[in-house]
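*Asks:* Listed below are the residues making up each chain.
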Amino acid sequence: MKIEKTANAGSLESSDAMVTVGPHPGGIEIAVTSPVDRQFGDRMRRTARDILAGKGIMEGLIRIDDRGALDCTLRARLETAIERGTTPRG
Amino acid sequence: MYSERWIGDAEREGAERRKLLESLALSVPTTDPGDRILGIYDESDRLVGTGTLVGATLQCFGTLPECRDEGIAARIVSALVKEAIRQGRTELSVFTKPETAPVFGALSFDLVAQTDEVALLEWSVAGRERGGLASYLSFLSAVAEGGPDGAGSVVVNANPFTLGHRYLLETAAARSPRLYVIVVEEDRSAFPFDLRFELVRAGTSDLANVSVLRGGAYVISSRTFPSYFTRDDAVARVHAKLDATIFAGRIAPALRVSERFVGTEPFCPVTRTYNETLKRVLPPAGIRVTEIPRVEHDGEAISASRVRELIREGRLAEARLLLPATTYDALAAIESGRDDDRRSAALWSRITRAGLRH
Numbered sequence: 001m002k003i004e005k006t007a008n009a010g011s012l013e014s015s016d017a018m019v020t021v022g023p024h025p026g027g028i029e030i031a032v033t034s035p036v037d038r039q040f041g042d043r044m045r046r047t048a049r050d051i052l053a054g055k056g057i058m059e060g061l062i063r064i065d066d067r068g069a070l071d072c073t074l075r076a077r078l079e080t081a082i083e084r085g086t087t088p089r090g
Numbered sequence: 001m002y003s004e005r006w007i008g009d010a011e012r013e014g015a016e017r018r019k020l021l022e023s024l025a026l027s028v029p030t031t032d033p034g035d036r037i038l039g040i041y042d043e044s045d046r047l048v049g050t051g052t053l054v055g056a057t058l059q060c061f062g063t064l065p066e067c068r069d070e071g072i073a074a075r076i077v078s079a080l081v082k083e084a085i086r087q088g089r090t091e092l093s094v095f096t097k098p099e100t101a102p103v104f105g106a107l108s109f110d111l112v113a114q115t116d117e118v119a120l121l122e123w124s125v126a127g128r129e130r131g132g133l134a135s136y137l138s139f140l141s142a143v144a145e146g147g148p149d150g151a152g153s154v155v156v157n158a159n160p161f162t163l164g165h166r167y168l169l170e171t172a173a174a175r176s177p178r179l180y181v182i183v184v185e186e187d188r189s190a191f192p193f194d195l196r197f198e199l200v201r202a203g204t205s206d207l208a209n210v211s212v213l214r215g216g217a218y219v220i221s222s223r224t225f226p227s228y229f230t231r232d233d234a235v236a237r238v239h240a241k242l243d244a245t246i247f248a249g250r251i252a253p254a255l256r257v258s259e260r261f262v263g264t265e266p267f268c269p270v271t272r273t274y275n276e277t278l279k280r281v282l283p284p285a286g287i288r289v290t291e292i293p294r295v296e297h298d299g300e301a302i303s304a305s306r307v308r309e310l311i312r313e314g315r316l317a318e319a320r321l322l323l324p325a326t327t328y329d330a331l332a333a334i335e336s337g338r339d340d341d342r343r344s345a346a347l348w349s350r351i352t353r354a355g356l357r358h
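Keeping their order, the protein sequence lines are chains Y and E.
Just so it is clear: in the first sequence, position 18 is 18 by the numbering used here, and no numbers are missing.
Just so it is clear: in the second sequence, position 170 is 170 by the numbering used here, and no numbers are missing.
Relax, there's no trap hidden among the hints.
Heads up, incomplete: computed chain E residues facing chain Y, CB under 7 Å, no partners named:
id	residue
1	G71
2	A74
3	I85
4	T90
5	V125
6	A126
7	G127
No wet-lab data here; the hints were simulated from the structure.
For each residue, glycine too, the CB sits at the ideal point set by N, CA and C.
Given these sequences and hints, build the entire structure.
*Replies:* And the structure:
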């Protein structure tokens with residue numbers, strides 16, 4: 001499976017995260033911007049990788065713009081954005 | 001609690017938005033039907049904030065002073081970014097006042113450049129290390145790898161490539177260890193980018209130290225210099241300065257360029273303003289600006305706009321005197337092919353259509 005189209009979920013509001021996904025032939029790229037990137041950046045990247053792996057997605061860009069989201073919020077945003085990015089139409 | 005909705009054109013909301021922007025001493029540009037204008041409303045349905053998506057650019061932000069620090073900016077930017085993504089865009093930019101740039105910085109936008117009047121920030125789905133300006137600069141650095149310090153540069157639209165451009169590039173190449181010719185990539189000219197680029201390359205292939213490069217989104221593009229392509233001369237000066245600042249601070253260092261050559265501009269006021277701006281902005285950054293007088297034919301400066309006019313009037317044979325053989329041959333082939341193949345027909349009709357500015 002791969003990300004077919006640009007899509008996103010969430011927002012840039014405080015305590016939320018905006019996750020944007022897009023096509024990326026050749027692998028997975030994850031970019032994170034966060035005020036707490038140094039403490040939690042790697043954890044957010046791992047969360048994203050876990051969710052992608054769980055869905056069997058091998059190709060795609062994932063951009064996480066974190067505004068201090070809890071892990072459960074981030075997961076929900078990732079799930080939704082990936083869902084939207086892998087749905088062929090709509 | 002706030003609510004948000006898109007503001008239609010003819011509604012009372014349009015007038016409310018105008019009032020809000022004016023109360024903040026912000027200009028209210030005319031909007032096109034394709035623009036998406038967002039409004040944020042409070043419980044009594046009063047407009048407290050607004051922002052507009054124009055193509056891939058977020059602009060025209062305003063929030064009531066008493067409602068700042070309440071996350072309204074985040075809300076506006078979120079909605080505009082999501083709308084842009086919905087439209088399939090992957091690279092976004094923000095035009096704003098320099099004092100407001102930090103607000104967008106906190107919302108994940110990265111500063112490209114700023115002047116005393118305007119700041120340009122960007123956001124790319126590929127992330128700040130791989131998308132946008134970073135990706136263009138790594139392309140330039142790769143081109144310049146192993147190249148000399150103190151290179152020269154010329155930016156051309158070449159719509160199309162004339163003997164005037166040829167003279168400018170030949171003169172500049174003779175004075176530089178290496179000359180980077182950057183072709184404006186924005187596809188809003190009579191001649192499509194691919195053809196303009198190809199004609200510049202063909203017309204300079206005998207000059208060993210010339211490299212022809214695409215301008216990307218950062219050299220006279222709709223991102224850095226939107227007014228170049230419209231008729232909004234009033235803001236052209238502001239955009240010219242931003243474009244010059246990006247060249248001085250980002251592009252020239254990546255190519256190790258220390259001299260920029262321009263042709264004197266006898267006709268176009270926007271280009272003249274641009275040249276004047278380059279002369280003010282580049283030298284303090286250690287980049288010389290050298291103006292080369294236009295070459296003339298029959299007492300008149302050779303210009304691409306004159307060539308386009310002749311072509312439109314069906315006088316390609318006269319245009320020939322203003323064109324290098326490479327350009328003339330390509331044009332003649334398109335003209336003679338226009339009855340036989342679709343590509344030539346489409347090209348010819350685009351080239352001969354009037355009304356495009358550069």
